[in-house]
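Let the sequences and hints guide you as you build the complete structure.
Protein chains in written order, with the numbering used here: chain A, 1 to 126; chain B, 1 to 258.
Take the hints with a grain of salt, since some may be wrong.
Examples of chain A residues lying across from chain B (beta carbon under 10 Å, computed) [to be verified]: (1) Met-57; (2) Asp-61; (3) Ala-67; (4) Thr-78; (5) Val-85; (6) Tyr-114; (7) His-119.
A short list of chain B residues far from chain A (calculated; beta carbon distances all over 12 Å) [to be verified]: (8) Ser-13; (9) Asp-54; (10) Glu-59; (11) Asn-82; (12) His-105; (13) Phe-170.
Which bits of chain B does chain A cover? Going by a derived footprint, with three or more residues having C-beta under 8 Å, they are [claimed, not checked]: (14) 35–43; (15) 184–193.
Bear in mind the hints are in silico, worked out from the structure with no lab data behind them. As the structure is a computational prediction, the values presented were derived from the model and not from experiment. All residues carry an ideal CB built from backbone N, CA and C; glycine is no exception.
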Amino acid sequence: MYNTKYVIAGLVVFLALFTSPFWLNMGKASYQRPELALPADAKECIEPVDYMRAEHMQILDTWRDQALREGKRTYVATDGKVWNVSLQNTCMKCHANKADFCDKCHTTNSVNVYCWDCHVEPKGNQ
Amino acid sequence: MKRSRRQFLKVASLSVLGLSAQLAGGAIVSAAEAPAYQPNEGGLKAGRWAMVIDTRGFETAADFEACIKACHQYHNVPNIPNNQEVKWLWTDKYEYVFPDDVNEHLSESVRSRDYFVLCNHCENPPCVRVCPTKATYKKPDGIVTMDYHRCIGCRFCMAGCPYGARSFNFANPRRYLDMGAINAEYPTRMMGVVEKCTFCVERLAKGQLPLCVEASEGRILFGDLSDPESEVRKALAENFTIRRKPSLGTQPGVYYII
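This is how it looks when you write it as structure tokens:
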């Protein structure tokens, strides 16, 4: 092989850089799902918890289009319950603790949402 | 046992038929269970929403103030004290509101009065045509409204609107709002988006009339232009009305009784 020493040295540097996240995180605590402040006076969300955890962003996106563009502001959930399609007036009424519900998860997962640039964040932080 | 090709095809086609019937049945069941979106039950509906403003009833600044305050307070419209103001409902002089119609010898009362100005919710809205992101759009009931999530602030709509009915947020509007006293039911806007009057589309969905109509004590009428029995059609039939800049062909939905 030509230029063996350069190639080997280059490969070693490359591998070190490529695997650096693993080395840097070694010995650190593993990912913990943050402890969220759940609504005090509501037991169930509009849909099951697992579904909401995975799909809430898609639901909000669909809600926006349905309410604004289609004029359909009533949501009939899979269990037949009826909800007003509104982030500010439905979601945030129960999830009144933005700092300990929304922010905790979003911060842990480095997700920057800009919902509250316009929507008024709830005042009640129980 | 030896199976002929004919037998094999019979069994195979029957199984495929049964399988697809089961799948189709499952699809129908899951479609019935899927969440559904519906219009609000008590919402107001119309073929074409329109507004008739009886300008004879508005004389002093206080007459206008009640309506403007009701609108701007509910919709969290900031009061910005410079030429970058944001406005949904405001007033202007006759010669600026109806520039096509200026007559040197107009009656003094018509010339000196102020006139309400707001988005005209045109039949042929130029703002909708020029919006590159479809952030502004016309609903089937004639209301021209906005999806602020999608506005990129290019201001083509402001250039397209011949009525100057749109405002641009040059700064974060929350800087000019009393955040302790805002209406928590309605969002604010952010820097870099265009905003305007929406004919209170969110209130119509709840079965309520627009705020300026409620605050006007009968001097602003609101109703369905496609219904000959509606209040607005009766007012239009009984009074002489004009619209802003009719020569442009945008067919405004706001009529003025002079």
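Tested hints:
| no. | hint | result |
| --- | --- | --- |
| 1 | Met-57 | 13 Å, violated |
| 2 | Asp-61 | 9 Å, holds |
| 3 | Ala-67 | 8 Å, holds |
| 4 | Thr-78 | 6 Å, holds |
| 5 | Val-85 | 7 Å, holds |
| 6 | Tyr-114 | 7 Å, holds |
| 7 | His-119 | 5 Å, holds |
| 8 | Ser-13 | 36 Å, holds |
| 9 | Asp-54 | 29 Å, holds |
| 10 | Glu-59 | 36 Å, holds |
| 11 | Asn-82 | 22 Å, holds |
| 12 | His-105 | 47 Å, holds |
| 13 | Phe-170 | 15 Å, holds |
| 14 | 35–43 | holds (count 8) |
| 15 | 184–193 | holds (count 7) |
In the structure shown, a violation is registered for the earlier hint numbered 1 alone.
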